[in-house]
Amino acid sequence: MLDAKIPAGKLEEKWNNYKGHCKLVNPANKRKLEIIVVGTGLAGASAAAALGELGYKVKAFCFQDSARRAHSIAAQGGINAAKNYQNDGDSVFRLFYDTIKGGDYRAREANVHRLAEVSVNIIDQCVAQGVPFAREYGGLLNNRSFGGTQVKRTFYAAGQTGQQLLIGAYQAMERQVALGNVEMFSRHEMLDVVMIDGKARGIIARDLVSGKLERYFGHAVVLCSGGYGNVFYLSTNAMGSNATAVWKAHKKGAFFGNPCMTQIHPTCIPVSGDHQSKLTLMSESLRNDGRIWVPKQKEETRRANDIPEEERDYYLERRYPAFGNLVPRDVASRAAKERCDAGYGVGTTKQAVYLDFKYNLINKYGRTEASKQGIHNPDQETLIRLGKEVVKEEYGNLFDMYEKITGENPYEVPMRIYPAVHYTMGGLWVDYELMTSVKGLYCLGEANFSDHGANRLGASALMQGLADGYFVIPYTIGNYLADEIAVKPIPTTHEAFEAAEAHVSERINTLLNIQGTESVESFHKRLGKIMWEKCGMARNEKGLKEAIVEIKALREEFWKNVRVPGEINEMNPELDKANRVADFLELGELMCMDALDRRESCGGHFREESQTEEGEALRHDDEFMYVSVWNYKGDERMEMLKEPLNYEVIQPTQRNYK
Amino acid sequence: MEHYNMNLTLKVWKQKNSQSAGSFETYQIKEVSSEMSFLEMFDVLNEQLIHEGKEPIAFDHDCREGICGTCSMYINGRPHGPWHGTTTCQLHMRAFKDGDTIVVEPWRAKAFPVIKDLMVDRSAFDRIIQAGGYISVNTGVTIDGNAIPINRENADKSFAAAACIGCGACVAACKNSSAMLFLSAKVSHLALLPQGEIERKRRALDMVAQVDKEGFGSCTNTGACEAVCPKEIEITNIARLNREYLAAGLAADK
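Protein chains in written order, with the numbering used here: chain H, 10 to 667; chain V, 1400 to 1653.
Derived by calculation from the structure, the hints in this document are not laboratory data.
Only a predicted model underlies this, so the values are computations on that prediction, with no experimental measurement involved.
Fair warning: there could be bad hints in the mix.
Between beta-carbon pairs, the in silico distance windows are [as the list claims (entries may be wrong)]: (1) V:Phe1423 with H:Thr391: 50 to 60 Å; (2) H:Ala511 with V:Asp1543: 34 to 44 Å; (3) H:Glu326 with V:Glu1401: 27 to 37 Å; (4) V:Asn1416 with H:Glu326: 15 to 25 Å; (5) V:Arg1551 with H:Glu623: 41 to 51 Å.
All C-beta atoms, glycine included, are put in the ideal place defined by N, C-alpha and C.
Work out the full structure: start from the sequences and follow the hints.
Take a look at the structure:
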């Protein structure tokens, strides 16, 4: 029943073999085939552009007012690629290895190897499109380091890499819009998948401006709708990021893979009060130059700059001398929580640690600049001034953003940071071709589960989104559509479209007619609190069991007492949000069920019952070396299948960053 | 940073849809923390309105970290409010004090029709990009990324122009509702790179033609756009656009 369709042959030959043997669709037939792409972030925009270039008729949908605003835009630090431009020992194999290890041995070898292979093409493609990556004075591309690796393979554009890559993909897609190959529907939200004879054949979407439900046919449907971190209410996701598209697909038969795998990012600006609507990331790239510490003394009251060097605990450097501040995200997050829980946290809430740039600002950048400018024996003040200029070039926008939010100047005082929900490794289960368990329904980017296992390495989300969209789907979708060339577009008056639209319409009517007393927002906040406390950075059996009961009760209360103002046939952001939160209330429960099943710790999933004496995540490969694959059986019933993970090339070991 | 609470009066533009006339509504909001973002203050107000059985205020917002370009409020006569180089979502309430009255309007421009309350339709920007805001390469190029060395100064200038978030504040600030800063940022981003050289002339001509078609006004060099741009896109880009456009117009082949 679960066939990942991984090609036979040696690991490094699988993708080439696949490309050499998959079925093709000739250009004349491509023009007759229609593809629906939902979401226009890196995965969606690149897929729509690439498929449009091939000559398919593409319809692309996004809920934002423009495709360029999808949340990939906010990715900061960079994109990995095995170019080895630095001559520091990088290779496709090493990127593959780092990604599998970083994911704590819970990802598929074949998918990850393919990702590492195409990573080099992504950089070439983006440069050709005019993405203004950071460059050296000699005119060539520059790199920086990210967590979980010991090479410099991250390409970047200041702290705005996601923005620049997305604009590249968006422009490529708009070019196809101009050529008539892609039709763009912005301010549209997908609310159901339409199934005909066991295949995905279209979607029901709501025009968010008029409120009308609309039907769209496609020979295939490609979901690129991003992750579901907003289940936690507070996350680094955009306010509109949601799970509705994948959740509807799940309820139509697409399996959900590893729903509990959530990434908590170590460096975010801490919560300031109850009014908080979202959390802001401070890029992992800052850990290149920032050192993380807390005071050695509990309940410290002195200001950061007044605490002398010898009274600071650089706990990452102390615990993990080999990787230091550049340990993977899950490790860094847990270490911050450990210090704060033990009473060493800083700031008014004591739920924060320091990220301090002073040392590298002076010693690394200040000294280099002084030397370049021929200043001998520079004083401290000169070093700080020179260092600041370089740091500004590298991360300027991030420092400005920090100051706007907190009112503190991070060039002068250390940043205060704390972990926050950032990314979801789980998502719709897909096979090697990125097809879900529903025929003709594909899932790309963060929305699928495939490449990051139990923990994603920094700068790998951009890589995966663009790999899937530019270089994987154009081949794999042809392998399916080659058998669909005789299928004429199905009129949307077909009974399956009628039924799907009626179902969506009924639900929207129900939501509006409840007219209870509590706002959508208040339910979302309560769900987020349950998830963060019981299915967040640390999880245990008791808490997860409680969470499941609490979420069920909250969901029941929602459907009895939510208040959605306004009308159906108009712009109604509260109604949009109600639709999304209703789905989070179901998905949250599944995440807890999955976390409960996995009685081991791995990557971002930390079960308190399963840790080493030193408090590190302890895997149980004998029992849990599988992807948990959830099948929706109707009426809130779930069944779990297992996809065993077979490591043929890499020998899984306990991760060690010491 | 010291924080404080404040009581505020808000005068907000309410408009049911693009067909109906709009007007200002006045709201009182109490105990606003100086640590809130401007949009979090709106969240609190909307929660209050929903509880009172009233219609919440519709406004565009998404990433809330100043990069997606969705938020678009005209605050006390200035796009994105009083802070320099800052989007509405990054504006924080410590910019205001107890007892202040804050007037909030949507972007106003013929080419940006109001959808509801503070939301406007900026799809004209997408159509301007469609007219030529790209480099025509298909997926699958085989030239190595490092085969095209780029002088760092140009790469940096190109990046600075490419940092435009397409929010439309430049249009909202301009007395002529000109889109020149937006347009020039895109033309500069691509014209400054060797990859963009080949289509340079056609790009400038086609994109300018589309801007005119969308109903944006002319540029009279007042610099209001640069003053309010949350990403500090420089007006020198407009000078570059003018040069590009002139050169393209003079050339026999376009």
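Evaluation of the provided hints:
1. The hinted range of 50 to 60 Å is satisfied by V:Phe1423 and H:Thr391, whose Cβ atoms lie roughly 54 Å apart.
2. Separation of H:Ala511 from V:Asp1543 is about 54 Å and departs from the stated range, judged on CB atoms against 34 to 44 Å.
3. Evaluation of the 27 to 37 Å hint for H:Glu326 and V:Glu1401 yields a pass: the beta carbon distance comes to about 33 Å.
4. Hint check: V:Asn1416 to H:Glu326, Cβ distance near 58 Å, so the stated range 15 to 25 Å is violated.
5. As the Cβ distance of V:Arg1551 to H:Glu623 is approximately 45 Å, the hint placing it in 41 to 51 Å holds.
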